[in-house]
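Those protein sequences? They're chains A and B, same order as listed. Going by our numbering, the first sequence opens with residue 20, and the numbers climb by one from there. Going by our numbering, the second sequence opens with residue 13, and the numbers climb by one from there.
Each hint should be verified, as a subset may be incorrect.
[As the list claims (entries may be wrong)] The calculated lysine-lysine pairs, modelled on DSS-like cross-linking and capped at a C-alpha distance of 27 Å, are:
id, chain 1, residue 1, chain 2, residue 2
1, B, Lys-356, B, Lys-286
2, A, Lys-161, B, Lys-207
3, A, Lys-300, A, Lys-270
4, B, Lys-356, A, Lys-110
5, A, Lys-295, A, Lys-330
6, B, Lys-190, A, Lys-93
7, A, Lys-458, A, Lys-304
8, B, Lys-293, B, Lys-358
9, A, Lys-161, B, Lys-215
10, B, Lys-286, A, Lys-281
11, B, Lys-287, B, Lys-209
12, A, Lys-181, B, Lys-215
13, B, Lys-207, B, Lys-190
14, B, Lys-356, A, Lys-161
15, A, Lys-154, B, Lys-293
[Unchecked claim] Examples of chain B residues lying across from chain A (beta carbon under 10 Å, computed):
id, residue
16, Cys-69
17, Ile-195
18, Arg-198
19, Asn-238
20, His-259
21, Leu-278
22, Asn-282
23, Glu-284
Read the hints as simulated data drawn from the structure, not as lab findings. Backbone N, C-alpha and C define an ideal beta-carbon position, used for all residues, glycine too.
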Amino acid sequence: MYQNSMNFSEVFKQSNQLCKVSPDGKYLATCVQYRLVVRDFNTLQIVHLYTCLDQVMHMEWSSDSLFILCAMYKRGLVQVWSLEQPDWHCKIDEGSIGLVSSRWSPDGRHILNTTEFNLRVTVWSLCTKSVSYIKYPKACQKGVDFTTDGRYMALAERRECKDYISVFVCDDWHLLRHFESETQDLAGLEWSPNGCVLAVWDNCLEYKILFYSLDGRLLSSYSAYEWSLGIKSVAWSPSSQFLAVGSYDEKVRILNHITWKKITEFEHPATIINTKAVVFKEVEKRPVVGSEDLSIHQLTMNNSLFSTQSKYEITQLPAQVPVIKPDPDRANPKIGISTLAFSADNRYLATKNDNMPQSLWVWDMQRLSLLAVLEQTAPVRCFVWDPRRPRLALCTGNTKVYLWSPAGCVSVNVPVEGSFQVQSLFWHCSGSTLILLSKEHICLCYVDAEEEK
Amino acid sequence: MGDWWTPTMMPDPSLDTKELSSISGISMSPSRQNLHHSLHSTMALPKNSYSVLSAFCTEENVSQCIAYVNQEVCSLGLTGVSLESKSGSLSAVPVLNLLYEVLQLQRRAQRALNDLETQQLKSGSDLEHLQHSNCRLKDQLEHTRRENSGLHEGERQLQLKIKTLQNCLKSEKEEVQKLQSIISSRATQYNHDTKRKERECTKLKERLNQLLMDKRDKKLSIEMSNYLGRSDGKRGLWKTGKMEARHEGEMYRALLSDYETRQRTLMLENSELKKVLQHMKKDMIAILSPKKHCIKTEPADDSLEQAGSEGEEEIGESSRETLEQSCEQAREQLTNSIRLQWRKLKSHMERLDSQASLVACQEREAEEMMSRKEHEEEMQRMRMELQQCKEFIHMQQQLLQQLSSPCDEETAALLNDCYTLEEKERLKEEWRLFNEQKRNFERERKNFTEAAIRLGHERKMFEEDRAAWLKTQFLNMTPFVDRKRPALSEPHSALSVSTEPEAKLQSTPPLVTKSQSYSVFSTPKAAPVKMPSTADLYRSLHLIPESRGHGKCPSGETLTKSRLRNCSTDCSVISLVRDENSPI
Numbered sequence: 020m021y022q023n024s025m026n027f028s029e030v031f032k033q034s035n036q037l038c039k040v041s042p043d044g045k046y047l048a049t050c051v052q053y054r055l056v057v058r059d060f061n062t063l064q065i066v067h068l069y070t071c072l073d074q075v076m077h078m079e080w081s082s083d084s085l086f087i088l089c090a091m092y093k094r095g096l097v098q099v100w101s102l103e104q105p106d107w108h109c110k111i112d113e114g115s116i117g118l119v120s121s122r123w124s125p126d127g128r129h130i131l132n133t134t135e136f137n138l139r140v141t142v143w144s145l146c147t148k149s150v151s152y153i154k155y156p157k158a159c160q161k162g163v164d165f166t167t168d169g170r171y172m173a174l175a176e177r178r179e180c181k182d183y184i185s186v187f188v189c190d191d192w193h194l195l196r197h198f199e200s201e202t203q204d205l206a207g208l209e210w211s212p213n214g215c216v217l218a219v220w221d222n223c224l225e226y227k228i229l230f231y232s233l234d235g236r237l238l239s240s241y242s243a244y245e246w247s248l249g250i251k252s253v254a255w256s257p258s259s260q261f262l263a264v265g266s267y268d269e270k271v272r273i274l275n276h277i278t279w280k281k282i283t284e285f286e287h288p289a290t291i292i293n294t295k296a297v298v299f300k301e302v303e304k305r306p307v308v309g310s311e312d313l314s315i316h317q318l319t320m321n322n323s324l325f326s327t328q329s330k331y332e333i334t335q336l337p338a339q340v341p342v343i344k345p346d347p348d349r350a351n352p353k354i355g356i357s358t359l360a361f362s363a364d365n366r367y368l369a370t371k372n373d374n375m376p377q378s379l380w381v382w383d384m385q386r387l388s389l390l391a392v393l394e395q396t397a398p399v400r401c402f403v404w405d406p407r408r409p410r411l412a413l414c415t416g417n418t419k420v421y422l423w424s425p426a427g428c429v430s431v432n433v434p435v436e437g438s439f440q441v442q443s444l445f446w447h448c449s450g451s452t453l454i455l456l457s458k459e460h461i462c463l464c465y466v467d468a469e470e471e472k
Numbered sequence: 013m014g015d016w017w018t019p020t021m022m023p024d025p026s027l028d029t030k031e032l033s034s035i036s037g038i039s040m041s042p043s044r045q046n047l048h049h050s051l052h053s054t055m056a057l058p059k060n061s062y063s064v065l066s067a068f069c070t071e072e073n074v075s076q077c078i079a080y081v082n083q084e085v086c087s088l089g090l091t092g093v094s095l096e097s098k099s100g101s102l103s104a105v106p107v108l109n110l111l112y113e114v115l116q117l118q119r120r121a122q123r124a125l126n127d128l129e130t131q132q133l134k135s136g137s138d139l140e141h142l143q144h145s146n147c148r149l150k151d152q153l154e155h156t157r158r159e160n161s162g163l164h165e166g167e168r169q170l171q172l173k174i175k176t177l178q179n180c181l182k183s184e185k186e187e188v189q190k191l192q193s194i195i196s197s198r199a200t201q202y203n204h205d206t207k208r209k210e211r212e213c214t215k216l217k218e219r220l221n222q223l224l225m226d227k228r229d230k231k232l233s234i235e236m237s238n239y240l241g242r243s244d245g246k247r248g249l250w251k252t253g254k255m256e257a258r259h260e261g262e263m264y265r266a267l268l269s270d271y272e273t274r275q276r277t278l279m280l281e282n283s284e285l286k287k288v289l290q291h292m293k294k295d296m297i298a299i300l301s302p303k304k305h306c307i308k309t310e311p312a313d314d315s316l317e318q319a320g321s322e323g324e325e326e327i328g329e330s331s332r333e334t335l336e337q338s339c340e341q342a343r344e345q346l347t348n349s350i351r352l353q354w355r356k357l358k359s360h361m362e363r364l365d366s367q368a369s370l371v372a373c374q375e376r377e378a379e380e381m382m383s384r385k386e387h388e389e390e391m392q393r394m395r396m397e398l399q400q401c402k403e404f405i406h407m408q409q410q411l412l413q414q415l416s417s418p419c420d421e422e423t424a425a426l427l428n429d430c431y432t433l434e435e436k437e438r439l440k441e442e443w444r445l446f447n448e449q450k451r452n453f454e455r456e457r458k459n460f461t462e463a464a465i466r467l468g469h470e471r472k473m474f475e476e477d478r479a480a481w482l483k484t485q486f487l488n489m490t491p492f493v494d495r496k497r498p499a500l501s502e503p504h505s506a507l508s509v510s511t512e513p514e515a516k517l518q519s520t521p522p523l524v525t526k527s528q529s530y531s532v533f534s535t536p537k538a539a540p541v542k543m544p545s546t547a548d549l550y551r552s553l554h555l556i557p558e559s560r561g562h563g564k565c566p567s568g569e570t571l572t573k574s575r576l577r578n579c580s581t582d583c584s585v586i587s588l589v590r591d592e593n594s595p596i
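Work the whole structure out from these sequences, hints included.
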């Protein structure tokens, strides 16, 4: 179904998984060691080539797609390049204090650098060259979050052994609110997509999630259980209507935005007996030369003959999901829901349970029930929803890319020279192209939307 | 017996041994033996005594022997008999008597001995048995004791175990408590340490920050070709109080807008839900109203249901009106009406279901005859419907009447009368039936009495016949046998005639025959005493009042009369015979 409409680009080099598409979708930036390559996304012609001072560790587009930030953490350096003015150049040196993280502010005119030991956050303005500091940032899972409209920033802080939250106005870094959070040890915070509610959750020792209004009022708090490892992951639905909370008890709890109470919980049982769910199992098979599936293109590639083909088979229910037993003596045990993602239309939720690494679960948010389970032959590395359509792409570190849609499942071999083991992937903002990343290369996969039906 | 005998027997051997030893030393041992033997067996005694006899009694010691024997006998208690030697010779009679006595004694002793022996045997065996059982019981006791002690031991051990386990538990509990306290202390310690560390860390950070700031880190810098314009194209603004107020305002605006949007969505949802509700209500009403007609065909509780549905319709309409106004006021009413209608719908659906299943069953039964049957069924149903409708109309009229004048007492009474009219009529009918039955009974009784009277007449006739027969019998003794026949034939004919009317009464004949048979078989001797009178019959048949009215003359009179008549007839017969005889 997809195979006919899927085309692959040639392969480009890349390092440190640094490959980003500009927010407007026009350019593709990749880093190869200390070089930054910017290509036109449609033609894949190199538009600009910048040379940094050292190997780039982090690269990021500004929100207006005009600037690219390249951070070299080892050197404590940040370099900014302009697309419009290739001669324009900016270099920020954090000095001996060190640098662990660098990011754009939503306006694309400020850079926020977090220094080593989370000593402070330095805000550099590209407009005024001014620098300001925010002290006591908390080192945690997700300590900083911007609202989607880019107006406000929430920052977790730790002072006097207590957690605080600061809300800044990004326009002029004015501190709008500063309040103590009712957490033991804050682990993360995230704005709702409409920017009015801030979800704050405690670290895994305690199941606690708090909801704060923009003005710092505590709206509600929720705790599912006590005395056990708690929250592992949190995701807002794009409509801000639901908050999915994945926890170490292998369940996802869906909270609603009116009462902030649980609507339902999704269990991840080892035996699937829900008759409404479809279990797709990936089955590998040896390639058969001469089969009609093999296109001329594939036949010309040597590797395709050696790589195994795979397809999905629908398993009869009840089906067993492979489970690994986590080591209870080690910290951060491999159990529980580590990743959650809502589809762009709020209709589906994809989850991954860490002690069932080969399975991906897709839930129907309208019927609040399990819709599909994808059982892969290898652990799922990464899965991303199409930003436009209810379509999920995933990879498992092998030479295939997998797609799920309500219509079904498909696995596609990446037909490139040499083996291209897909480590991660992401969608172009138009939803028509998938960018596949292997350890040192990238490949573009064009998914024709027209023939999806 | 045995008790009495043993003391007398026991001294014997010692006695005669002494005596004998003094008499003759030679015979001592055998005599002793004999005596011993004699105690045991009588059979062996004569033989031995004979052989020893020579030694015991010789010519010389006869007197001594006699004395000895006497003494012995005396000691044996046979005082009445003693041997006397008369001039050296013994008279045979006392000896024989003595012998006899001794023998008797001996036999008795023997028997007693036997008895004792058997008794001893028995007691011996009993003893043995008892000993045996005793032994066994002892064993058992021993065993039980052992068992008991074993159990005691076990119990003791178990108790010990329990004690140790309890100790264990206690120690474990203590351990747990200790561990918990350790954990909590550790936790507090850890928390304290972390806080301390964190404080140190922050202090260090502060210090580091200070140092870095103080040192004026040369490296900390930004190099830029030229300044950039703001992304929104505006110029940066100074931080002033005004700005702060503006930010606050913006924030609140944002919040407000969010709440507004949320409210809007909620309102939208609400209105949507209302619309759905309204639609549902409308649908429900639409569904339920044709159902009313259907219900009319249903025989059961249709009036009630219709009334209910009408009421609901009103409620529904009112709620529909209020639905547009405000949900809050009419919410309860609305939900109630919805619930009611929903329930009705459900029941209706259930009924439909059952009907459908019934129809399906019927279909399965007769599928080929469907068309005609269907037609017929349809007709039938229509007819039934019509009938029910009529009934319904009637009932409604009645109800209307009731409703139109519910407080009017007269009409209520009238209605009540109407209600009881039917019953009255029924009672009347019953009364009529009852009367008829009564009449029948009376007629029957009359018939019966008539029959009884006839029976009485017949008996009288029979009596007369019998008298005649007796007379003839009597006359038969005499040589006038031939004369008897015409006299007998007469009552026969009378009887046969009388039975003819009897046939009309069907219940009476057995009784009549019975009485006839009684009368026939009762012997002529007891006839006057045992013959039941008509009055008795009536009494037995519980017809006394009738009999009283009917036969006013006392039974005794009739009896005497009949007897008199019998006598007279007898006399007449005799006289007649005499008359006849006389010419002969």
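Q: Would you mind confirming whether the straight-line C-alpha gap from Lys-356 of chain B to Lys-286 of chain B stays at or under 27 Å?
A: With a Cα-Cα distance of about 21 Å, the restraint between Lys-356 of chain B and Lys-286 of chain B holds, given a limit of 27 Å.
Q) Can the restraint linking Lys-286 of chain B and Lys-281 of chain A be considered satisfied, given a maximum Cα separation of 27 Å? A) Holds: Lys-286 of chain B and Lys-281 of chain A sit about 26 Å apart, inside 27 Å.
Q) If you draw a straight line from the CA of Lys-161 of chain A to the CA of Lys-207 of chain B, is it 27 Å or shorter? A) holds, 22 Å
Q: Would you check the hint for Lys-293 of chain B and Lys-358 of chain B, treating anything up to 27 Å between C-alpha atoms as holding?
A: Roughly 14 Å between the alpha carbons, so the hint for Lys-293 of chain B and Lys-358 of chain B holds.
Q: Below or equal to 27 Å on CA atoms is what counts here, so check Lys-356 of chain B against Lys-110 of chain A.
A: Distance ~79 Å between Lys-356 of chain B and Lys-110 of chain A Cα, so the pair is violated.
Q) Is Lys-161 of chain A close enough to Lys-215 of chain B, meaning Cα to Cα at most 27 Å? A) holds, 24 Å
Q | Restraint outcome when Leu-278 of chain B is required to lie within 10 Å of chain A by C-beta distance | A | holds, 8 Å
(Q) Hinted pair, alpha-carbon criterion (27 Å max): Lys-154 of chain A, Lys-293 of chain B. Please report holds or violated. (A) Status violated; Cα separation ~62 Å.
Q) Any CB of chain A closer than 10 Å to the CB of Asn-238 of chain B? A) holds, 7 Å
Q.
Does the closest beta carbon of chain A sit nearer than 10 Å to the beta carbon of Ile-195 of chain B?
A. Violated. Min distance 13 Å.
Q) Taking only the CA atoms, is the gap from Lys-295 of chain A to Lys-330 of chain A under or equal to 27 Å? A) Since the Cα atoms of Lys-295 of chain A and Lys-330 of chain A sit roughly 22 Å apart, the hinted pair holds (cutoff 27 Å).
Q. Given the hint that Lys-356 of chain B pairs with Lys-161 of chain A, does the C-alpha gap stay at or below 27 Å?
A. Status violated; Cα separation ~57 Å.
The structure fails to meet hints 4, 6, 11, 14, 15, 16, 17, 18, 22, 23 from the earlier list, while all remaining hints are met.
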